[in-house]
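Colleague: Put chain B on the given structure of chain A with help from the hints.
From first to last, the protein sequence lines are chains A and B.
Residue numbers 9 to 474, in this note's numbering, belong to the letters of the first sequence in order.
Residue numbers 1454 to 1594, in this note's numbering, belong to the letters of the second sequence in order.
Errors might be hidden in some of the hints.
[Stated by the list, open to error] Simulated crosslink set (DSSO-like; lysine-lysine; CA at most 27 Å straight-line): (1) A:LYS120 <-> A:LYS168; (2) B:LYS1460 <-> A:LYS198; (3) A:LYS306 <-> A:LYS430; (4) A:LYS18 <-> A:LYS120; (5) A:LYS294 <-> B:LYS1536; (6) A:LYS198 <-> A:LYS18; (7) A:LYS168 <-> B:LYS1544; (8) A:LYS229 <-> A:LYS306; (9) A:LYS18 <-> A:LYS229; (10) A:LYS306 <-> A:LYS18; (11) A:LYS120 <-> A:LYS198; (12) A:LYS120 <-> B:LYS1544; (13) A:LYS198 <-> A:LYS93; (14) A:LYS198 <-> A:LYS294; (15) A:LYS120 <-> A:LYS165; (16) B:LYS1544 <-> A:LYS229; (17) A:LYS306 <-> A:LYS294; (18) B:LYS1536 <-> A:LYS430; (19) B:LYS1460 <-> A:LYS165; (20) A:LYS294 <-> A:LYS168; (21) A:LYS294 <-> A:LYS229.
Because the hints were derived from the structure by calculation, they are not lab data.
No experiment lies behind these values; they were computed from the predicted model shown.
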Amino acid sequence: MNYQSQRVAKPYFIAALGLFVGQIVFGLIAGLQYLYGTFLFPAIPFDVVHMSHTNLLIVWLLMAFMGAAYFIVPEEAQTELYSPKLALITFWVFLSAGAVTILSYLLVPYAKLAAMTGNAVLPTMGRGYLEQPLPIKVGIVLVALSLLFNVTMTLIKGRKTSINFILVGSLWGLALLFLPAFYFPHDTVKASYGWWWVVHGWVEGDWELILGALLGFILIKMTGVDREIIEKWIYIIVAMTLISGLVGIGHHYYFTGAPAYWLWIGSIFSALEPIPFMLLIAFSFKTLLQRRREHPNKAAMLWAMGTPIMAFLGAGLWGFIITLAPVQYYIHGTNFTAAHGHLAFYGAYAMIALSIISYAMPLLRGRTANSMLAQRWEMTGFWVMALSMIAMTLALTGAGIVTTFLQRAAEVPQGFMQVQDKSRIFFWIREFAGVSFFIGLLIYLRSFFFTGEYEYSTEVKQALSK
Amino acid sequence: MQQVFTKAMARNIFIGGAGFFLIIYLLLTYDTFQQIPVRDHASNMTPSVLRGKYLFDTNDCIGCHTVNGEGAYFAPELGNVYKRRGPDFIKAWIRSQPTGVPGRRQMPNFNFNDEQLNDISAYLQWLSNIDTNNWPPNIEG
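The following block holds chain A by itself, in its conformation from the complex (with noise of 0.2 Å):
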């Protein structure tokens, strides 16, 4: 860490792991009222548990996506951050933001808060992801001006990489694509095609340029590879995200009253989008061989390494199995959905904010890197948050080829709760994976109470008394 406007990033950091860990409790209500629809209702039923969820999970990517723009911009850079107090004030207002919501989800009745907070003045309730209330919308605005300016300020003054210009570019972006969250005409189809432009244009699109700039931060740091060959991967990487993804929005227009051409135009592109996350992959691994230096976060590399084969899976091998308009004629709305976006969002999200926490924690709290026994703890959440989270995905797709083969492609259908019976077991698996990915998470979050830095002259020591 070069200079000292980038130590605000540490409080986001810090959120967002707290913030993770209200997903993952929301997480795991959700996963029982599956198999006992009774636990905890009235007082929170699921749609409520849900909204919490998602919208945590969002709330803590952006958290941890901010605090990596105000690590990385001063950095590449060469300068200090436009206005650190102002990034300061973002963040207690931002995270000020996100309690209320969170609480006011948990102790107001929906309908109730639509009609206090002015919904019937301009609707944007009732949508998944943007269930906030219309202050709060506006207040999430707020927020990315204020992230805009002070990363634009830093840009404009300081030197000026590709990494910069794709990171600061795809902030604006972000915040851009937020504005449809505003657009909610009576007409359910259009405001279903518009709602698309947040979502897909948000994990489809512009956070995948995110991702690629973070991990192309990441390894020119710890590998120490030529930032050339590096920067030029990261826009071809980009450019098949955007050249596969942008008309890929298709697939989510197949069954929503869009007209058909998006059947064919929809399947096409949307199959294109698997290979930006396998040059993610020959990427990362060609880089990881050409390293000129040994970096002694170790963990912060299997972070950088595991994210674009988890993303892969995730987002890549999962959503190419539903995305084909005959394919997904019968699989669409079932959990085989949610399968692909819990692997895909952890493994493309939720790791590579994980990956800069890794990467830049230590070094905010004035280490190198951590001493060996904090990283193996690390290193342990790693895998059991993985394995679980694979897990999970592997339960959901059961559950899903059970509602696919029981109630839409069978010669006698049967009903929805009928096949939701058939898929207990199932159900039984994901809650027991959400258990252990808890798990994980609390071994990870307990490598960052260790004191002390990586010291090359034990290691060195401990390696050749071997």
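Modeller: Here is chain B on its own, set in the frame of chain A:
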């Protein structure tokens, strides 16, 4: 190879590719928006349908259910529920919630009056007539 294919070329592919496909997408979107009102019979969105839609959104129905496959997977598809169950069943069902059967998934009671139930039913009827390219495959949704 590294001299032949430079970073500037990679950047230009990125900008050019993104720009080209963004324009294609905008053109397709323009055409789609011309077709949607015909495919979903937007002219049939009466004041009652719109009131029903508002109730539907502000009670977060898609927090448990799906509409044309979008939403949460905790409760049945509602895009075609009007054709599956009919208005009388739907209204009686909503009125009688929660069932309170131990261990079963529960739907809250939203305390809708008769007029509101008619509005919701009208919205569900409108939803069930959207041309969704023959989805879902059967009436069970």
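Colleague: Please go over all the hints and tell whether each is borne out by the structure.
Modeller: Cross-check of the supplied hints:
no.: 1; hint: A:LYS120 <-> A:LYS168; verdict: 49 Å, violated
no.: 2; hint: B:LYS1460 <-> A:LYS198; verdict: 40 Å, violated
no.: 3; hint: A:LYS306 <-> A:LYS430; verdict: 44 Å, violated
no.: 4; hint: A:LYS18 <-> A:LYS120; verdict: 37 Å, violated
no.: 5; hint: A:LYS294 <-> B:LYS1536; verdict: 56 Å, violated
no.: 6; hint: A:LYS198 <-> A:LYS18; verdict: 41 Å, violated
no.: 7; hint: A:LYS168 <-> B:LYS1544; verdict: 62 Å, violated
no.: 8; hint: A:LYS229 <-> A:LYS306; verdict: 13 Å, holds
no.: 9; hint: A:LYS18 <-> A:LYS229; verdict: 19 Å, holds
no.: 10; hint: A:LYS306 <-> A:LYS18; verdict: 20 Å, holds
no.: 11; hint: A:LYS120 <-> A:LYS198; verdict: 26 Å, holds
no.: 12; hint: A:LYS120 <-> B:LYS1544; verdict: 22 Å, holds
no.: 13; hint: A:LYS198 <-> A:LYS93; verdict: 41 Å, violated
no.: 14; hint: A:LYS198 <-> A:LYS294; verdict: 44 Å, violated
no.: 15; hint: A:LYS120 <-> A:LYS165; verdict: 47 Å, violated
no.: 16; hint: B:LYS1544 <-> A:LYS229; verdict: 62 Å, violated
no.: 17; hint: A:LYS306 <-> A:LYS294; verdict: 17 Å, holds
no.: 18; hint: B:LYS1536 <-> A:LYS430; verdict: 25 Å, holds
no.: 19; hint: B:LYS1460 <-> A:LYS165; verdict: 23 Å, holds
no.: 20; hint: A:LYS294 <-> A:LYS168; verdict: 25 Å, holds
no.: 21; hint: A:LYS294 <-> A:LYS229; verdict: 15 Å, holds
Consistency with the previously given hints fails for numbers 1, 2, 3, 4, 5, 6, 7, 13, 14, 15 and 16, ordered from lowest to highest.
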